[in-house]
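For chain S, the structure is supplied; the task is to place chain G on it using the hints.
Just so you know, the sequences run in chain order S and G. Residues in the first sequence are numbered from 1 upward in steps of one, following my numbering. Residues in the second sequence are numbered from 1 upward in steps of one, following my numbering.
Derived by calculation from the structure, the hints in this document are not laboratory data. Check each hint, because a few of them may be wrong.
FRET-style restraints, in silico, Cβ to Cβ [what the hints assert, rightly or not]:
#1 P20(S) to T85(G): 49 to 55 Å
#2 R250(G) to S13(S): 43 to 49 Å
#3 T85(G) to R179(S): 37 to 43 Å
#4 T71(S) to P204(G): 22 to 28 Å
#5 G116(S) to L55(G): 39 to 45 Å
#6 N226(G) to E121(S): 27 to 33 Å
Just a few of them, taken from the derived set where beta-carbon distance is under 8 Å, the chain G residues facing chain S [stated by the list, open to error]:
#7 V97
#8 W152
#9 M153
#10 V181
#11 I222
#12 L224
#13 L230
#14 A231
#15 G236
#16 Q242
#17 I243
#18 R248
Since this is a predicted model, take the numbers as computed values, not measurements. Every residue, glycine too, gets a C-beta built ideally from N, C-alpha and C.
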Amino acid sequence: MTDPPIFEAQNVSFEYERVPALRGLSLTLDRGKSVALVGANGSGKSTLLRLLDALSFPSNGSVSFCGDRLTPEQFRNDEYAISFRRRVALVFQNPDVQLFNPTVFDEVAFGPLQMGWSSAEVIARVDTTLDVMGISHLRDRAPYRLSGGEKKRVALASVIVLDPEVLLLDEPTAMLDPRSQSQLIDLIQNWKGSSKTVITATHHLEIVEDIAERVVVLEQGAVVATGSPQEILSNGELLLRANLVHAHRHKHGEITHSHPHVHSHGEHKH
Amino acid sequence: MSRNRAIGSTLVGITRALGHALVSEQVARQPGLLQALDPRVRVAGLFSLVLAVTLSHRISVVLALFCAAILIAVLSRVSLAILVTRVWLVVLLFTGVIALPALFLTPGDAVFTTPGGALRITSQGVATALLLIARVETAVTFTTLLVLCTPWMHVLKALRAFRIPPEVVMMLAMTHRYVFVLAETASQMFESRQSRTVGVLDGPTQRRITARTAGVLLSRSIELSNEVFLAMQSRGFRGDVQILSEFRMRAWDYIGLTAFLAAGALAVWMGRR
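So here's chain S without its partners, still in its complex pose:
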């Protein structure tokens, strides 16, 4: 008998005060894979991540984790809730939302403390994580005083410290300069190894090949395509329709023409 997929969403719909965010979305995500959820703003990427992290529940349809259907009733069971939170972690788009402790050390220790780990274990794990993330020098700093890149690193450290099986990342490179973006991607890659599942929501196509083996394209709350990064990124018509690329007008000599335009690793393919 084969293991169930790490996540399975079946005909999922979700609304924010009668405004639909997901419309009959179905998706299967396999264990140990890196997946990029791409789509324009408002396509439902962040909502889907929240449903996968069981922070919200579908108004219709179902989301399952390792074969267990995620429901509010399920999360009233402390044992299940703690086990799920230990295995699945979400890094929010806005790091200020995630950094609510007085020091970086306290911030990274927050998750392990909720898990009921011993003080000695918490201290050891936090110190190791700070070291791995290259932020040991920020240990006693107040998170709200850090730069954007440092905040993202601390937010990432605050969930990686739990060594989750699944890491959900919401626009991890948003508002970062190119160098910080590159460092963050390297950190995620180094941490991931081969056994972890990393699901990244982004509309930055230039990072997709670096972070994912599989790409899921969302449009208006539904999956419109899945495939390898090469398959998706080479489908200009799909990307244009999903608002992920823009028509680029430029001149060759005296002739002006336009075509879909993708930014990829600083190189324009015309």
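Chain G alone, transformed into the frame defined by chain S:
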């Protein structure tokens, strides 16, 4: 200075003041009298003194407690400049306004009468106003010492130890952390408006814009608080504050607690009518 600039400076001032409030975590980490005590002793001890201040009816007793507060501040290495600028002057201003009518309205022996006899200040009125100001100054000083000398998470955990409901404790935690983010947002919103404003706006326009800004800020604060709660939930938060430090009562803590409670009880007894 134009009115626009005046409001801008005020907002910048608020942001800076909140930043200072959070920097007080640094004071809590240095060695000192209060810092050496168990956080539960600090909470129980200082609140017992606050209670004693409010129950004392003699100004001499309240002033003695005020002197005790200064002594505790010095021994806990809290800068008196911080207390003067952030507590005493502010409290004096606000409480002074509240206490002012008591000077004229309290019946008693007149010590000053305005020409024509329309208003008269009574000695009983002066005593009442002074007692009110002294009480508020002393109570706020004790509370500020607690917050300055105790990391906020320890205050919260100590409150839980006294069976304060977790919901209340979490509200305090959120307020403390995100009041800074919201003040910064308010400041940015004002700066953004300032950058698109030409000339000086009249009073009604200023008030209309301020009301709209307040409305938007309220919506943002609700959204932010929801997001923060989800972020906490995502990392396993189940409604109870867990922190690394385990509180442990030592002989010094018992001595400190006894001293606080004895001082509070003595003040109440000596300050009775």
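Against the structure, the hints:
{"no.": "1", "hint": "P20(S) to T85(G): 49 to 55 Å", "verdict": "holds (53 Å)"}
{"no.": "2", "hint": "R250(G) to S13(S): 43 to 49 Å", "verdict": "violated (58 Å)"}
{"no.": "3", "hint": "T85(G) to R179(S): 37 to 43 Å", "verdict": "holds (41 Å)"}
{"no.": "4", "hint": "T71(S) to P204(G): 22 to 28 Å", "verdict": "violated (53 Å)"}
{"no.": "5", "hint": "G116(S) to L55(G): 39 to 45 Å", "verdict": "holds (42 Å)"}
{"no.": "6", "hint": "N226(G) to E121(S): 27 to 33 Å", "verdict": "holds (32 Å)"}
{"no.": "7", "hint": "V97", "verdict": "violated (33 Å)"}
{"no.": "8", "hint": "W152", "verdict": "holds (6 Å)"}
{"no.": "9", "hint": "M153", "verdict": "holds (6 Å)"}
{"no.": "10", "hint": "V181", "verdict": "holds (6 Å)"}
{"no.": "11", "hint": "I222", "verdict": "violated (13 Å)"}
{"no.": "12", "hint": "L224", "verdict": "holds (7 Å)"}
{"no.": "13", "hint": "L230", "verdict": "holds (5 Å)"}
{"no.": "14", "hint": "A231", "verdict": "holds (5 Å)"}
{"no.": "15", "hint": "G236", "verdict": "holds (3 Å)"}
{"no.": "16", "hint": "Q242", "verdict": "holds (4 Å)"}
{"no.": "17", "hint": "I243", "verdict": "holds (7 Å)"}
{"no.": "18", "hint": "R248", "verdict": "violated (12 Å)"}
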